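Join the two chains into one complex using the hints; note that each chain is given alone, in its own frame.
Chains F and W supply the protein sequences, listed in that same order.
In case it helps, the numbering used here puts the first sequence at residues 1 to 932.
In case it helps, the numbering used here puts the second sequence at residues 933 to 1046.
Honestly, I wouldn't trust all of these hints.
To be verified - Just a few of them, taken from the derived set where beta-carbon distance is under 7 Å, the chain F residues facing chain W:
no.	residue
1	M64
2	G572
3	L602
4	L639
5	V641
6	T752
7	F821
8	L867
No wet-lab data here; the hints were simulated from the structure.
Only a predicted model underlies this, so the values are computations on that prediction, with no experimental measurement involved.
Note that CB positions come from ideal geometry on N, CA and C, so glycine has one too.
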Amino acid sequence: MTTLFLAVLLPFAGAALIAWIARFGRSATAWAAGTITLGSLALLAPLSPLPFAGETVIRQMDWMPALGLNLAFRFDGLALLFAGLILGIGLLIVLYARYYLSARDSMGRFYAYLMLFMGSMLGIVLSENLIQLLIFWELTSLSSFLLISYWQHREEARHGARMALAVTGMGGFALLGGVLLLGHIVGSYELSDVFASADLIRAHPLYVPTLVLILLGVFTKSAQFPFHFWLPHAMAAPTPVSAYLHSATMVKAGVFLLARLYPALSGTPEWFWLVSGAGLATLLLGAYVALFKHDLKGLLAYSTISHLGLITLLFGLSTPLAAVAGVFHIINHATFKASLFMAAGIIDHEAGTRDMRRLSGLWRFMPYTATLAMVAAAAMAGVPLLNGFLSKEMFFAEAVHIGQGHVGGWLLPVLVTLAGAFAVAYSIRFIHDVFFNGEPGDLPRTPHEPPRWMKLPVEILVVLCLAVGVAPGLMVGPLLATAASSTLQAALPEYHLALWHGFNAALAMSALALVLGSFIYLARRPLMAWHERTLDRLDARVPFNAVLNALLALAGWITRTLDTGSLQRQAGLLILAALVLAGTPWLLGDTPLTGTRRGLPLDAVSLAAALVLVGATLLTVRWRSERFVALIALGVVGLVVSLTFIKFSAPDLALTQLSVEIVTLILLLLALFFLPACDEAESGRSRIVRDAALALVAGGGAAALAWAVLTRPYDTIAGFFLENSKPGGGGTNVVNVILVDFRGYDTLGEITVLALAALGIFAMLQNLNLPAPTRDSTGRVWDSDAHPAIMATLTRLLLPLALLVAVFILLRGHNQPGGGFIAGLITAVALIVQYLANGAVWAHQRMSADSHLLLLWGLGIATLTGLGSWAFGHPFLTSTFGYVHWPLVGKFELASAMAFDLGVFLVVVGATLMILTGLGAVHRPEPRKGSH
Amino acid sequence: MDALLALVIGVLTAAGVFLALRPRTFPVVLGLTFLSYAVNLFLFAMGRLAVGVPPIISEAAAGYTDPLPQALVLTAIVISFGMTAFVIVLALKARAELGNDHVDGLEHETDRHA
Chain F
1 MTTLFLAVLL PFAGAALIAW IARFGRSATA WAAGTITLGS LALLAPLSPL
51 PFAGETVIRQ MDWMPALGLN LAFRFDGLAL LFAGLILGIG LLIVLYARYY
101 LSARDSMGRF YAYLMLFMGS MLGIVLSENL IQLLIFWELT SLSSFLLISY
151 WQHREEARHG ARMALAVTGM GGFALLGGVL LLGHIVGSYE LSDVFASADL
201 IRAHPLYVPT LVLILLGVFT KSAQFPFHFW LPHAMAAPTP VSAYLHSATM
251 VKAGVFLLAR LYPALSGTPE WFWLVSGAGL ATLLLGAYVA LFKHDLKGLL
301 AYSTISHLGL ITLLFGLSTP LAAVAGVFHI INHATFKASL FMAAGIIDHE
351 AGTRDMRRLS GLWRFMPYTA TLAMVAAAAM AGVPLLNGFL SKEMFFAEAV
401 HIGQGHVGGW LLPVLVTLAG AFAVAYSIRF IHDVFFNGEP GDLPRTPHEP
451 PRWMKLPVEI LVVLCLAVGV APGLMVGPLL ATAASSTLQA ALPEYHLALW
501 HGFNAALAMS ALALVLGSFI YLARRPLMAW HERTLDRLDA RVPFNAVLNA
551 LLALAGWITR TLDTGSLQRQ AGLLILAALV LAGTPWLLGD TPLTGTRRGL
601 PLDAVSLAAA LVLVGATLLT VRWRSERFVA LIALGVVGLV VSLTFIKFSA
651 PDLALTQLSV EIVTLILLLL ALFFLPACDE AESGRSRIVR DAALALVAGG
701 GAAALAWAVL TRPYDTIAGF FLENSKPGGG GTNVVNVILV DFRGYDTLGE
751 ITVLALAALG IFAMLQNLNL PAPTRDSTGR VWDSDAHPAI MATLTRLLLP
801 LALLVAVFIL LRGHNQPGGG FIAGLITAVA LIVQYLANGA VWAHQRMSAD
851 SHLLLLWGLG IATLTGLGSW AFGHPFLTST FGYVHWPLVG KFELASAMAF
901 DLGVFLVVVG ATLMILTGLG AVHRPEPRKG SH
Chain W
933 MDALLALVIG VLTAAGVFLA LRPRTFPVVL GLTFLSYAVN LFLFAMGRLA
983 VGVPPIISEA AAGYTDPLPQ ALVLTAIVIS FGMTAFVIVL ALKARAELGN
1033 DHVDGLEHET DRHA
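Pulled out of the complex, with its shape left as it was, chain W reads as follows (with noise of 0.2 Å):
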């Protein structure tokens, strides 16, 4: 299962980084995406797996698993929300200002760095 874990953030942080290269805005923005999924639940796996210990005290609770990696993700989800909100609109903004909707905002006619 760790191993199964390991490799699912693999593939997500394989994914946004492709698609962080991306030369058109909306790629990247989904790409950014990609590695908050991943960045969220690499650092939820710092505090391991458990199943069925959820940390909510009860006198019936088999055991508790570590909440302080949960409270750490759950603010994280919340400013990603925040931070793709901003890179989006960022876009908008740049392809209105500037009539396209590439990252350096120019036309190449090209791809001349290639």
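Pulled out of the complex, with its shape left as it was, chain F reads as follows (with noise of 0.2 Å):
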């Protein structure tokens, strides 16, 4: 398992160690990441004798089982070839690149993005559930997006980052449809059980938009027709990653993609249309296109759509020979492309310009580049004794074959090869103009020829271009073989590796090429001067742009028009769809409103107990505006929704319920000192009657919701804590066993959250800066005894005996209604009237406690209590018991869940006093001036 895993995680974690190695230098961090890339096909080494034994390895790691997510890496034929093509090449390229960057620009985040890049690129290649592939894939869209914008000073690179990323993070979006419909038609997101199910696949009804959704993912990140357009943008990216992302990776995913669900999609009337009418489109424009960019980078990008167009429309032929063909063609594609990537990066480094219409006559200067890159470009124009004439002899056959027998079957040979002869006059153009076509102009540097070990990469690519070409069988044939079979997962068909078919129409079709190429390129004058009129206005930037302005208007729009800057809109409006949305289903259907359930029957104290909580509420909402009012009147409905919970059998709750009254009482009062004490005249009446329709709709909706929970019976799981409360959590309260032994896990998490807001809070307590007033709403001076003497004393004596209170609350809890949470309040609240009876400056000498302490062991003896029982090799928060003998005591019960209480206790008088404190102290004794 872990060697695959390994592999695609050490990139990765070499992001991180490169960003850190970066301060050592430059060629320290060029080091680290050649090491990096150096390991990861160290782990896969010792595996890759296994695809050409003809075995797949598939290992697999439960991630989120419940989900069908797993991490599962395959390791087969086409695996290995990507692999071997994205480390191989990634390795030339982490050397060309130190080479490449100037001292300006910092090594430490380009190799951290290249290593991220790397890394995402193997997780594509190396996965075998389809999800998982599809997280790699978009990470490639991030990290291509860090790699085309590194130059983040240019526009033009913040452009083509973001275009890039637009258009294959749509693609993904498309693509994640298509993986979700294929897991539904399969039942499994592994892509064994998706090669296992291609006859399914291909019957099943949902059959076509899965396969568009999918082409969508892979048109768009191989930049195929019509979503090319944004691969020549990316070229403001540096060179390298140019070499890179074109050649041997980001593009290649696309095609990758294509290989990989080969076995269980192709075979299809619409895979053949879709795939080879879009490869078809995209080999012809890129190779049209190709011969009129001035920049040599620009050339090579639509060399590049151009040959993915061919390798895409070799997969939609779904033979299993041309198949192979677009295994072969992905190698041969990858070693002359990246060659001449950094080819021409060389000449831009050291002529300073890429422009064609300024570079001439090079050969003078650079001989040796330009060898190199004469030996690239006629592979790429398929010439015979180079890698890229093999492939391409073996297109132009399977076109030929395809063609025959149907009517207007001449039209592909046609076709294709008029975009081999384009290729040959765009691939003699870089040379020619380039290194030859007269004298230089006056060019930004005087050329020479580059580094020692930045030509390394070059000549390696060259010489393998080269050895391809001549022996191909001995060079790349068990690699093709293996990663055509696993492509095809089926036997592959009869091939012949060879540089000599004899005298047939492919090689009639290649001469012909060849030859025509050399008049297009000599006829290029007046072909250049009718693309500049006519088709090179055409720019899909523009349709672009205005799709996404378009867009980012209606979002716009749609966000001013819902946001006004109004809360009270907001609210509303956010009231008004919970309403719309959990009434339409309930007007619709025809479920009656009264279930089956006989309720309780009426008793007159509920009844004036009900009165005074509905008259007591409808005094605050009355009496809003008086605010002193309205808080006494919210007092009293919270008191009788205690009283509510005493009388249904819930004593914890009341208990909880009437400290919290006390404590949120006190809190609103100290707030209100510093607010103004009334309202000032409220917004329109328009608005009230709008407010209050919401509202009593929104009450109705909830009466009638509770209503209809109330009439019907139900099943709980009640059952199981009433009989598992004593004998396993050995506690009689249930509701406090649930809190601190069965449920203690969340309980954990309340008091966290209650630690957190109180810290909030205190936060926000710094520095504030309130005007106290010195006289209340009607003008009337505060009463200057602040704390009356009998009030003081009486505070005094309760002090003790109400911590006793607690202290028995908190110990009896297991048992009795009580625990951590009531005891906690009661604390706070006897220590809070300290500070309200005596004044802050008293109380403080004589409470040491600090409440930050507090809650730090509060949450510490809580989380170490779960701990412990890891230490008796139980899950987290296992709790146990045992009784214990005191004198005098008698028997007396020890819970580990008690300490656990404990922890719930500190952190509640810790928040509370932390809370009511903090507020206090805002005032201070000492008169404010101003600012009222």
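Below, the structure written as structure tokens:
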């Protein structure tokens, strides 16, 4: 398992490492990147004989088994080929970039991004699980965005990166849909299952939507027409990035997926027409436009588009032989295109420009580089003895073969020969315009050969082009065989890798393409003039930007319409939306409001209490502008709610509600001191009517919902808790046992939230400067006696008593109503009252407990109790209990849950004290001046 | 009795919603408190109503009500205190920083959005 996983993980880990290593110098950074790449290669190397032996290595690790998501890796021929390309060419790029980047460029950032990208690509090609593949797919989009926009100060780099991200991101989204549909059809996201269900997929009614969505992902990634336009703009990236992204990786991810899903999706008319149609259009368009690009990298960009079209077309043809040719061309294109990009980078680096209208006659200055570039360009043009020739021959042969016996079957060979001719023409232009074509003009720099190590990657790749071209069977025979057979998931067709196949149609087409291409190049001037007058004016950026701007404008309009900066409006809309969403299904459905369950009989006391509650509620609403009155009425409501809990057998809730009620009231009273005592004149009548209507509908809905639930019988899991509370949790108060034992983990979360809220409040209260009024709303001066003597004395007397009650409540909580929450609140109230009655200064002198420490201890004890159970080999927060016999007291129970409850207690005390004393301390005794 | 509790929940919800839509911070905090009462009672009612059968295990008990909603509501009460405290202090902070207690932090001359 671990080898494949580590090979993918290593570049990601390495990215972080490199960001750190960058401080030790440029060479150290490059060495680190090279070492990491070699490390991944070394991890995969021991596995590589397996695919050659026909084995597919699949390794799985549970990740989210419930969702069908596993970390699953697959190492077969296709994965081997791609991993080799990614890491092999990646290594050369690392070396090349070391010399390409200038002293001003951040090495750490470059190599860190490059490693992220490399890891993501490896993840794609080694994934067995399709969802996992998709995650890496998106990671390549993100990391390529970072790479393309590497020169962030350049506007075209930022725009190019954004466009690439927008187009490939959109495709990734479509792909997600396609993969989910595929998973729905197959019932699994594992590739092995998908391959096994190929016939089921092709016969399924959802086949076409699935195919279209997946192809959208493939076409956007591989820059297929009509999504090709992002690729030329991505050329704003540093050349090593272009060389990597557009030869062996990024754009190849699309054709990789095409090859990956070939056995599952191909062989239908839809596949044939969509894939080969897009491929053919891209092939022709790319080859044609490439000729007219004056920028070296622009020419290579369109050439890349064209070659990707060729590969796509081959997979679209759906014959086994075409698929073999497609895989073969993937290898060949990666080698010659990477070397050409690097050569273009060298020319740019040493001559200072990439514009072919300014470059010429460089042969005199850099004959060595020129020779390398000529060999690579010849491979691109499909000249014999080089690798590009071989796969192109296979391609031509397949084009002829497919056309045979069909009406109009001659069209495909003609078109592909034409594309071949244009490839020859732009290859000649690349060489002739740059290295010959007269004397060099005024170049920004005097050109010269690049440093030794910058040439090495190009040399290696060019030698490979030549070696494969001369002895294909020896060089790539086994690799191609294993990669092609895992692409097909079937026996390989009969094919023969050789330089010479005799005189046949394909050879004639190759020869014709060479001759025709030379003529096109000779006629380039009138052609260019014509092109500039016509097709060149079409710029895909215009519609793209128009669509993008329209989308942004729409989003802006929606935001501005919904959000006018008024919270009331927002809240109103939110409630309205909730009412509509909740009400619609209910109004449309025919579920009766009232169920079959019989309720309790009504009694007079309850009725009276309810009347008090409703009355107090109405009073609060009515007197909301007389805030003090409203607050008192609110207190009454809270008391009746506590009584309700008592009435319906919930003593713990009643105690909690009662103590919370007290702290809430103190809190609001303190706050009221700093707020205007009265509301100013309120908003217009229409708003009040509208809000009242919303409120009534919401209230009616809540009442109806409560009624509907209360009149229906239900199943509960209460039995489990009631049965296990005593034997399993050692306590008879089931509510408390649930809190500290069964659901202790939830409670730990709750007290953490409470502690966070208290800390948030503490932070907000720092440096809070509020004007403290000296008079009340009616102009009367506040009583100067802040701490009446009787109250002060009484509260001091009550303190020990209150603390005793709190301890009692805490200790008995496991068996009788009580527990950490309630005891904590009682303690907090007892302490707060000291502050209120005696003043903050007095209280502070006598109480040294720091509420921060209380929070810390509380959370610490609760967490440690949980961790403690690990020491005994139990899951987090497993509780235990036992009995001890104390003299006088008798049998006494000790449970680990009680320690946990102590943690709860400390957090509640700490949080409450922190909030209330913090708020109280905002107002300092000394009179303030001004500000009001 | 069940109808009465449903009615009470409805009244508390209505009051909470209405107050939460007011333009000044203090009534909004009161509204949130009302909504907490309503939500807590509603959650509590999910265990259905029963009189005189607290979930405390004893030999003499006639039966037990459902303890699970009670445990949920107990923490909810404490958390809603934390929330109320947070919101009211936020309101104070806003008043200190912005000089008024309008929920938008702006004094509207008249309520133009009405």
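We went through each hint and held it up to the structure:
{"no.": "1", "hint": "M64", "verdict": "27 Å, violated"}
{"no.": "2", "hint": "G572", "verdict": "6 Å, holds"}
{"no.": "3", "hint": "L602", "verdict": "5 Å, holds"}
{"no.": "4", "hint": "L639", "verdict": "11 Å, violated"}
{"no.": "5", "hint": "V641", "verdict": "5 Å, holds"}
{"no.": "6", "hint": "T752", "verdict": "11 Å, violated"}
{"no.": "7", "hint": "F821", "verdict": "6 Å, holds"}
{"no.": "8", "hint": "L867", "verdict": "21 Å, violated"}
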